[in-house]
Amino acid sequence: AQSVTQLGSHVSVSEGALVLLRCNYSSSVPPYLFWYVQYPNQGLQLLLKYTTGATLVKGINGFEAEFKKSETSFHLTKPSAHMSDAAEYFCAVSIGPSSASKIIFGSGTRLSIRP
Amino acid sequence: GAVVSQHPSRVICKSGTSVKIECRSLDFQATTMFWYRQFPKQSLMLMATSNEGSKATYEQGVEKDKFLINHASLTLSTLTVTSAHPEDSSFYICSARDQGQQMNTEAFFGQGTRLTVV
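Here the protein sequences line up with chains A and B, keeping their order. Per our numbering, the very first residue in the first sequence carries number 1; after that it's consecutive. Per our numbering, the very first residue in the second sequence carries number 116; after that it's consecutive.
Just chain A, same shape as in the assembly (with noise of 0.2 angstroms):
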């Protein structure tokens, strides 16, 4: 079965540093990967996926992740930290290949920025 982990449950950087949110996923076949933003009572906002193609994927607002097979890993990083960039973030795996396919939550990473 898929299952995506997320290491660590809070991140914080000073603002202007390099973002890194960690993701691995478990998936017997190809994943379709995603990272989500949720800012406070508010649903989410895509914030990049890889389905197939180019390993490395840019998303909005400055942010790209990498699919690493090898290392099953599919991490988040942003070169720079914004204050605007706190919020909670989540990995997310599709499970089979249609519109139908469920989608599943890693536990989330809480990122903080430090002035």
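A few of these clues could be false.
Cut-off 27 angstroms, straight-line C-alpha distance, at most; resulting in silico cross-link-like pairs (DSS-like, lysine-lysine) [unchecked claim]:
hint : chain 1 : residue 1 : chain 2 : residue 2
1    : A       : K102      : B       : K170
2    : A       : K102      : A       : K49
3    : B       : K156      : A       : K49
4    : B       : K156      : B       : K135
5    : A       : K102      : B       : K179
6    : B       : K179      : A       : K49
7    : B       : K181      : B       : K156
8    : B       : K129      : B       : K179
9    : B       : K129      : A       : K102
10   : A       : K102      : B       : K135
11   : B       : K135      : B       : K170
12   : A       : K58       : A       : K102
13   : B       : K156      : B       : K129
Simulated from the structure, these hints should not be mistaken for lab results.
Dock chain B against chain A, hints included.
Structure of chain B alone, referenced to chain A:
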């Protein structure tokens, strides 16, 4: 991107009453919608998959008689929390994928419903 509208955003109800939450895809059709529950500072737990015109598929451990799901059209799914109790208080989020797009596009999420049972 596509928009999923969820209503209400916040509801307070008395213990023992039922509450209905609506999830609408505004500019696309969705034969399948998903309902999640999120406890404070926790991840989203998939409760059920809502299927247009047929019965919902519930995840293990989710009471189907407690959480009634109806997906009567290609743009609307509803979740009814029946005989609500304080332990049902939570943040409920729906999502949907655009069936007109290629397989495995991202899911679009509603803004969530904060349910408080008093």
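Handout entry: Restraint check for K129/B with K179/B, where alpha carbons must lie at most 27 angstroms apart
Key = 21 angstroms, holds
Exercise for the section: Would you check the hint for K129/B and K102/A, treating anything up to 27 angstroms between C-alpha atoms as holding? Expected result: Outside the cut-off at roughly 32 angstroms; violated.
Exercise for the section: Would you mind confirming whether the straight-line C-alpha gap from K135/B to K170/B stays at or under 27 angstroms? Expected result: With a Cα-Cα distance of about 17 angstroms, the restraint between K135/B and K170/B holds, given a limit of 27 angstroms.
Problem - K102/A paired with K49/A [C-alpha distance capped at 27 angstroms] - result: Distance of about 15 angstroms is within 27 angstroms: holds.
Handout entry: Hinted pair K102/A and K135/B, Cα distance within 27 angstroms
Key = 23 angstroms, holds
Handout entry: Hint consistency between K156/B and K129/B [alpha-carbon to alpha-carbon, up to 27 angstroms]
Key = OK: K156/B and K129/B at ~24 angstroms, within 27 angstroms.
Problem - Hinted pair K179/B and K49/A, Cα distance within 27 angstroms - result: Since the Cα atoms of K179/B and K49/A sit roughly 32 angstroms apart, the hinted pair is violated (cutoff 27 angstroms).
Exercise for the section: Quickly compare the C-alpha distance for K58/A and K102/A to 27 angstroms and report which way the hint goes. Expected result: 23 angstroms, holds
Handout entry: Given hint K170/B paired with K102/A - CA-CA distance at most 27 angstroms
Key = 16 angstroms, holds
Practice task
Sort out whether K135/B lies within 27 angstroms of K156/B, counting only the CA atoms.
Solution key: 24 angstroms, holds
Problem - K102/A paired with K179/B [C-alpha distance capped at 27 angstroms] - result: 18 angstroms, holds
Problem - 27 angstroms limit on alpha-carbon distance, applied to hinted pair K181/B and K156/B - result: 24 angstroms, holds
Figure legend: structure checked against the earlier numbered hints; hints not met, in rising order: 6 and 9.
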